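*Asks:* Those protein sequence lines, which keep their order, are chains A and P. Our numbering numbers the first residue of the first sequence as 1 and each following residue consecutively. Our numbering numbers the first residue of the second sequence as 1 and each following residue consecutively.
Simulated from the structure, these hints should not be mistaken for lab results. Warning: the hint list may mix true and false statements.
Which copy is meant is left open, so a pair is good if it fits within one copy or across any two.
As the list claims (entries may be wrong) - Lysine-lysine pairs mimicking DSS-like chemistry, simulated, CA-CA at most 30 Å apart: (1) LYS465 x LYS50; (2) LYS418 x LYS563; (3) LYS275 x LYS150; (4) LYS65 x LYS421; (5) LYS48 x LYS28; (6) LYS142 x LYS297; (7) LYS465 x LYS275; (8) LYS290 x LYS48; (9) LYS581 x LYS421; (10) LYS365 x LYS563; (11) LYS412 x LYS581; (12) LYS418 x LYS264.
Just so you know, these numbers come straight off a predicted model, no measurement behind them.
There are 2 protein chains.
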Amino acid sequence: MTTSSESFHKVNFATPRSFATAFKSDLKETLFPDDPFQEFKNEPFSRKTKKAIQYFVPIFDWLPKYNLSLFKYDLLAGITIASLAIPQGISYAKLANIPPIIGLYSSFVPPLVYAIFGSSKHLAVGTVAACSLLIGSIIGEKVSPIDNPKLYLDLVFTATFITGLFQTALGFLRLGILVDFLSHSTITGFMGGTATIICLQQLKGMFGLKHFTTKTDVVSVLRTIFSHRNEKQKRARLFWVSAIAPMLVVATGCLFAYFAHAEKHGIQIVGDLKKGINPISLTNLNFDSKYISAALKAGIITAMVALAEGIAIGRSFAIMKNEQIDGNKEMIAFGFMNIVGSFTSCYLTTGPFSKTAINFNAGCKTAMANVVMAICMMLTLLFLAPLFSYTPLVGLSAIIMSAMLGLIEYEKAYHLFKTDKFDFCICMVAFFGVAFVSMDVGLMLSVGLAILRALLYVARPATCKLGSISNSTLYRDVEQYPEATGVPGILVLQLGSPLYFSNCTYIRERILRWVRDEQAATNSKGNDIEHVLLDLGGVTSIDITGVETLIEVFKSMEARGIKVGFVNPRLEVLEKLTVTKFIEIIGKEDVFLSIKDAVETCTFTLRSSKQFDDA
Amino acid sequence: MTTSSESFHKVNFATPRSFATAFKSDLKETLFPDDPFQEFKNEPFSRKTKKAIQYFVPIFDWLPKYNLSLFKYDLLAGITIASLAIPQGISYAKLANIPPIIGLYSSFVPPLVYAIFGSSKHLAVGTVAACSLLIGSIIGEKVSPIDNPKLYLDLVFTATFITGLFQTALGFLRLGILVDFLSHSTITGFMGGTATIICLQQLKGMFGLKHFTTKTDVVSVLRTIFSHRNEKQKRARLFWVSAIAPMLVVATGCLFAYFAHAEKHGIQIVGDLKKGINPISLTNLNFDSKYISAALKAGIITAMVALAEGIAIGRSFAIMKNEQIDGNKEMIAFGFMNIVGSFTSCYLTTGPFSKTAINFNAGCKTAMANVVMAICMMLTLLFLAPLFSYTPLVGLSAIIMSAMLGLIEYEKAYHLFKTDKFDFCICMVAFFGVAFVSMDVGLMLSVGLAILRALLYVARPATCKLGSISNSTLYRDVEQYPEATGVPGILVLQLGSPLYFSNCTYIRERILRWVRDEQAATNSKGNDIEHVLLDLGGVTSIDITGVETLIEVFKSMEARGIKVGFVNPRLEVLEKLTVTKFIEIIGKEDVFLSIKDAVETCTFTLRSSKQFDDA
């Protein structure tokens, strides 16, 4: 090993960036990670304006390029999802304890709004079971849907309005980051738990009908639908089976109920579906201080859940087609859709998984599919609505259950169990919390646990001892690469993650322990540690307490006669070290660009001191 | 550049550790970072037991080695801190709105308990202003100390008991990690805010006396004490001036009040201090469900604040002497001290900064100084207590204010402002929250903000583009080292921090943006990107969503004809990648040990494909 100082690479001790520059850069990374305005740079004003409009209102981007051949696909897809929207709309409205017609209204206006502002090509707008139940259970705590249906419905609209407002605000404030805290594990558990309670509710309803219809019938209906779902999961080409199955159930049920006069035999039907499109509900919004807390709670929680589902789904289909979705823009589109919805007798809508998958499989090309669906819904509302009033409730229960059973992803939970026990716990907390306590409590517990884990990551960052890999200048974790050997008298430690108030105590204790362990191990061999090198390459940022900790480590090592060197501090860390005069305290000569340089310097010092001892 | 595959270093694809092994290792790092049982290994049972007792009850460790020459130092230090404990005890009890005698009781029993279980040699036990005020304000919300002093006092004892229980539990559960979340910035702001409101309170009290005593007197008292404090901070050798100043003020005040019959002239005195040591207060503890919530709140919040102060202080003095403090053991000692205290008419005690500094400067050697102080207090309680009943309240106000003004560390706040704006915000939130809203709200807001920052670190980890530093195998951030050059056709990106559900979306967007930017930059030159290398060396851990994100990035790059390679995954990450079959999906040949190896492989592929194109 030579100590030719020419081969050394210098650390860049440039003057730190000003606060404004650093802050601007941090803010941009936090709020605009996808750099949406990048393509506006260096463009004349008129083009900039046009691009900005196209950016914020995507319909101006795709509609001018739209043509008939695309429309053929969108027409088919739109009709397909409309055939799903009718039975689902009626069913989920029942879950939210609101009149079934509201479910149909909700598939008319919101898809039109989404078609204008939404950036996903595959997303199909509609109501979702989990949010319907959630909104119903939170508002239902305050106002009974049976005793006071008018007030209850008004509060559902109010909650929808708040959802929209909250989603729009999140989008404008670029706070998509909040949705990031709903992890896949939480969603899996939450959906599974919700599906379980919905199924149990429906079963209760079904068994209540036992003496009117034969048990076998219910089972056979279920069995038919189950087999459809399983096939769908196995072969995407058979998607249309599951796409039209619910409509078939409803149609068959209606025909049966109509001709058999089912309602006279005690089989409950939906009843009372008036012709006509959405009435205006702007004046129905109720901001009475007595009820506003329930509306706020329902609005905000469902907003988060709906966003998490809608954005995740839009994104996963975009990935399949290698397209890009802007989460924040999607939030604004969802927000507008719900605000306008709440003014026109719609309740909460988002991009449900089942509908989007069917839309995708039916070959949709643009958001025009949503427009086609909206037109189909309009025609239904204007002419066909009364027909669906004969839909037997038992059929709706079957539709709901079939949709719900697909949401219990026990395979995914098992996968989590096999690969990450903590993720599995987060999932199970959501599942059991939702199933046994309440939907909001389960969700919040699970998110809390996930945040706790994030904090633990910050609080207990991994450190490891590095050894030299032979025939190379590489230093790697000795636990991972047992063949890596240490250099006598030098202890090389790698610190990971930000160095931060919440982990400083740990880091200090851990470094001291590494030194103690190393001393215990080498004492017998007579090679005392004289140098500790801290590899800061993995330390992405540092705060005041972190800098103080490094100083403490430096001093307490000095007291033991051990020199501390710092290797490869990153830009932000080096800036902080410079500003806090840390570099002045320890001296620039103890900061190295690579472990190799540091080890060579230390070896040189060791050898000189040994020669000195020998002489 | 040669592509000799012999010079390549292999990634260790060993079978992942079992869940039990990994979990045990994680648990140990989280809860026992200092590895306290390390020295018990390989010892016979009898020695093990002895060591364990010495470990858990430190007095057995130091008392056998104790001798007279050590005692001389401890005696002096003990008497010094006792002379501080008397005026402070009386003053702070007033802040908590409890009888002043309780303040004296609190310096008798708890120091004895701490001497047995505490592991710090320098810590002096006593009451603290901030916690006294905090406990008083929280209990005072529920029960008035004037209308119902008996119940109020009982609740203070109950809160102290809960504090003790909570601290002991935290210590046994090794949850010292919780205290880590009270950052220096929070504490600085909290203490400053508390000191400000205490000062304002005292000033009010003082100006209320305006027409009895001349204003100049108050100012002069303050000025005397200020000058003492400033000298103390500048020269540690003059510490005894500040050490005995409060006692002098009290003694002079008492003499004056006694001979001038001050109470007849309207100058308020402490009054009513009975002889006798602590009465038992075990039966006074009140767990009435009507009041338990206030006691719980006061107990838990003060427990955290007291721990943060006590542990931080013990630790900083230990660092000066290069000794080690076990935070979890300290918690148990504090907990025992407060539990026993609550049974013997004491209220909350911890290790206050002022007293500990004076103890340290007076030359204390062991916890025996606390025993000496306790004996002094016992003698005071038995024989001298009534003398102190003549202490004028205005003198106490002066003592409190002098102590408080030292806690307003505007220099530290300015230092924070200069070096870390976010830390400064955290500090200011605590300061203004405490000063203008309430102590608990201010504290929680500040902690919340600090946690939010920790979460932001996790949510927005730093990524950077790496370039090759000439004449070396090093790859460094091109922003930090502008001379580092990229390799044509290859984009090397470094990911920092854990890859985790809360930052996955960001990481994916950011990688895509790096690729877009790079493509835009190189398109003009005609060098398309064909390889993206992700340096995972800084990724300390990964969860399921993180693995899924890597797969998504891999697939979406593949769709664009770009190959993705992964460099230097760390132990835990590689395990997770293996368990989730990720390695199988991407192939072992795309995982490299160093960037150099990866770049050489890619260059080789690039060159072959180019030759192919040319041919």
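*Asks:* Going through the numbered hints above, which ones does this structure break? Give me the numbers in ascending order.
*Replies:* Of the numbered hints, 1, 4, 7, 8, 12 do not hold.
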